[in-house]
Amino acid sequence: MKQLIIVLLLLILAPQFLQAQNKLTINGYVKDASNGEALIGATVYVKEISNGVITNVYGFYSITLEPGSYTVNYSYVGYTTVSQNVDLSRNTEINIDLVMESEELEEIVITADLEQANVENMEMSTNKLDIRTILKVPTFLGEADVFRSLLLLPGVSTVGEGASGFNVRGGSVGQNLVLLDEAPVYNSSHLFGFFSVFNPDAVKDTKLYKGAIPSRFGGRLASLLDVRMKEGNSKNFEANGGIGSLFSRLAIEAPIIKDKASFIVAARRSYIDVIARPFVPLLKDGGALNFYDLTLKTNYTINRKNKLYASGYFGRDVFLFDANQGFSWGNTTGTLRWNHLFNERLFSNLTFVYSNYDYKLQFGDDNLDRFNWDSSISNFILKPQFTYFINSNNELDFGGEAIYYTFEPANAVGISNGAAIDVSLDRKYNLETALYIGNRQTINNVLSVEYGLRFSHFQSFGPGKVFQYNDTTAGIRRSPVGITEFKSGESIVDYNNWEPRASFKIQSTPTSAIKGSYNRMAQYLHLISNTTASNPLDVWAPSSRMIEPEIGHQFTLGYFKDLGAQRDYEISVEGYYRATENQIDYIDGADLLINEYIEGDLLSGIGRAYGLETYFQKKTGRLSGWVSYTLGRTELKVNGINRGEWYPTRFDQTHNFKVAAFYDINERWSVSSDFVFVSGTPTTFPTSRFVIQDILIPYNVNESRSNVRLPSYNRLDISLRLEGKKVRRGKERKNSDYWVFSLYNVYGRKNPFSIYFSQRDERVPQGTPINSQAIQLSIVGTVVPSISYNFKF
Amino acid sequence: MNKMKRFYIPLFLTLALAGLFISCEDEISPDLEQANSIVVIDAWVTDKPGKQVITITETQAYFDNTLPPGVSGASVSVVDDLGSVYLFTEDPAKAGSYVWTPSGSEVMGSVGRTYTLNAQIGGESYYAVSKMGRVPVIDSITFTFEPENAFQPDSYLAEFWATDFKGPNDTYRIKAWKNGVLLNKPTELNLAYDAGFSAGGNFDGVTFITPIRQGINPFEQDDNDEPLSPYFPGDSVYVEIHSISLQAFNFLNEVAIQTNRPGGFSELFATPLSNVSTNIFNKTTGGQPAVGFFNVGAVSALGKKFEQ
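Residue numbers (this note's numbering), protein chains in the order written: chain Y, 1 to 793; chain V, 794 to 1101.
By construction, these hints were calculated from the structure, which means they are not laboratory data. Quick caveat, the model's predicted, so the values are computed rather than measured. Don't take every hint at face value.
Unchecked claim - Listed below are several chain V residues computed to face chain Y (Cβ distance under 8 Å; list not exhaustive):
no. : residue
1   : 827
2   : 850
3   : 866
4   : 874
5   : 1050
Positions of the beta carbon are idealized from the N, C-alpha and C atoms, including for glycine.
Modelling step: build the complete structure from the supplied sequences, incorporating the hints.
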């Protein structure tokens, strides 16, 4: 393995070194002039060679050229372009601060030159959401949220309000890798999916990869959501905050040493329980219903070659129905990073991450009869990453990753009549490691390619027990027949996977491109969820002898075009096809919580997801926004379910149509709106009923799974924003503020979350007929108005 | 999930407080897939003195709110592993009801023995197997007063006291009658795996855990939807523990998952509809399938009148 990587490195590097001998490098950082925040994805374009580079997630760039005179343009959407003349006779460091175009100028945004097209990212299947867009999208209960914007993108869907997480291109919620400053977030939702855990005051940049995932990322089949936090204003003290219908938030950022070190602290807390306390007797006895989170980050520039970053997140949702009974869950993450520049062209970053997700339940109001249960997944990650900017045509990424996981499926103690009984399940220990290498190469003005390889390895080791199960007909629960015990440190099972990644871009005209990609991905963690929608009690399980790693192959092909004199319209059409192996589904009657023999209740099969995404965006002007339409299908085929035939997954949506529009009425008022129409998700309806022991049981005699669809979902939201006065008593205000008035679900449609079948809740004397019913549940069944006040000083 | 449900219900009320103003439920009448009727066998026989009844009916369309149609003309018998045959003959007054009448003080079944149900229905012949398990005695029944809390008014809760046998894998169903009326709502299905809710629970050989002991209380509302105390002085309660096979325990658990649907926010944690299992098989592979269950159980019982 190691030798192979070295050989690969040499093959790729050798010719580059030879030609790079007498070349010189320009490098540096591109930042926002107002607050010192690094700009991610800013363009650095060299006119003379009609080529350039893009800044990385730390705002760093490096470009290697023959000695000579050059004109270098630094540009970033919404910022004034800076042009710099460079007489390149030795390696040069140029750090640029870009100035944001003022609000009034925004309508005549000067976009990048047409020739810069071939510098543009060759990425496809990605969506970047900058925080300014996130803040514009109509809110639920007055609060801007990353998820609200994410769900308006093509290829992204949810099974409905109340569902935690999101689905990408027909993948399950557990097939998304959600990273907050590189720390995996295992449950990215607050309040059952209504809000994300990301505090918009602390978010700088959000990028969703739905396909063409570079080799430096791995571990999930469907997507990668890369959320980057702000570093904190390194120029001035800044405070942002808001008071809304549901919660309040405050973020403070300031330099510690000007231009060298800064920090940001951002906090939120919901207070519906505080407001409701006088009216709800339950809440008086110590009941609680809230969520809160705290996001922190600090950075320190040691010298021009070394930078340190530390960031952390802590958040919890709490539902208590008295002082000591209830339910809570939350994530904790911590990230330490060290950027080191080995030389002008070799950039490195070493990341250390701790991440934990846990939930706790406790019941019983006295010490004789109690039940305490908690479950968690935690991990430590060490990730060295290197980028070698070989020349203006090649950028080489390589590095590795090691993740050590500890799973605690259940720590549970029940006390019955004073006797304590421990029903905990064994912990599980795993190590996931990966090595990767990838190169972005511009072959000529028309063709550029990116190719890479990731090798991943997963190992499960003792102490632990492995159960053997009996063979039954597929679809019937299996029982354990044997047990093997493993000592501490002993290897229980291991898996290896080669994950090739490749993509290309053909710049057919200066304003249009054709892009395609192939990815092989391996996923070693599985989100075990058998409920209608993903919820906070879902358990993560590692691959084991019984549960094999999920494998996905994805192909994408797309056409991208910019329109208009200022290139202010963008249109794209993208097709994808993903075939997956070892997809988990559940035997009827499966018991997933605190079940030592859970593997006997799981089935595994194959999956396929395919679709076409179309996207049209108007980027500038008083009216801006986008329209997205996705036609998709996602299915599973599992022996033992649906007579062994293909069936749609619970989150399959044929049509997914979304519009988001933003309009500036005048200097102070602006309006934004979104409309969503999606096909109903599949569900299983009974055909028949029968009575056993006086209980009415719904039954599908045809043994169909997902045999019907819920009614379609549609919703319109509107939001009005009023900017505070810029001038007060003839003086320009230092502070700024704005109000947001919003209506969620404007026409109050009762969009169904689920339809369930049951006997009526009445006492039926034995021997008399039992009445059946079907109930449609809407989590949000009415228009939800809200108001929030936001300020900055 | 099911084992936690009793714990969750109060929790969901809390959640419902939050969702109260925005969530809503509507009764609907969706079109359903067509399906043929299949045979349903409801065969839960016990060692209680007196007649034992096995009911054979057919599945109905889901929204057909009539009594299930009985299947007449079947020949039904139970055979034990010693070769003793118990014949069930159709009640002429009630189609689909097959009755075994003991001679003298004879009872059906004894602990540890295995029984096979044979049923000839039309041209099909079905069979099912069940082993009778042991059942612990009920030591006592108590009533305790619980002062008003957020969910209940001042209440009297009944509780039975019994201890699971030492040695794992005993499975039970607890049935309760209030003033002679069987508590037969899906929410009142009360199952025990040893003294706890499920396998792997290690609740072996101890007193049944609280939710099981207190699973004999009907939680009902008055005409104004105000919760009522489960019992008042003067009421009586009668409790039976039935030993059930592991398969029957799994089956009833699945029944609880499929039928106990409190709705509202609990749907966020509910599993989609799936078919419950059966232990009734057609002797001919590829023959018409049947649904239902066969269990032979031992019973212990105790009653008490609530006097203050």
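Looking back at the hints listed earlier, which ones does the structure fail to meet? 3 and 4
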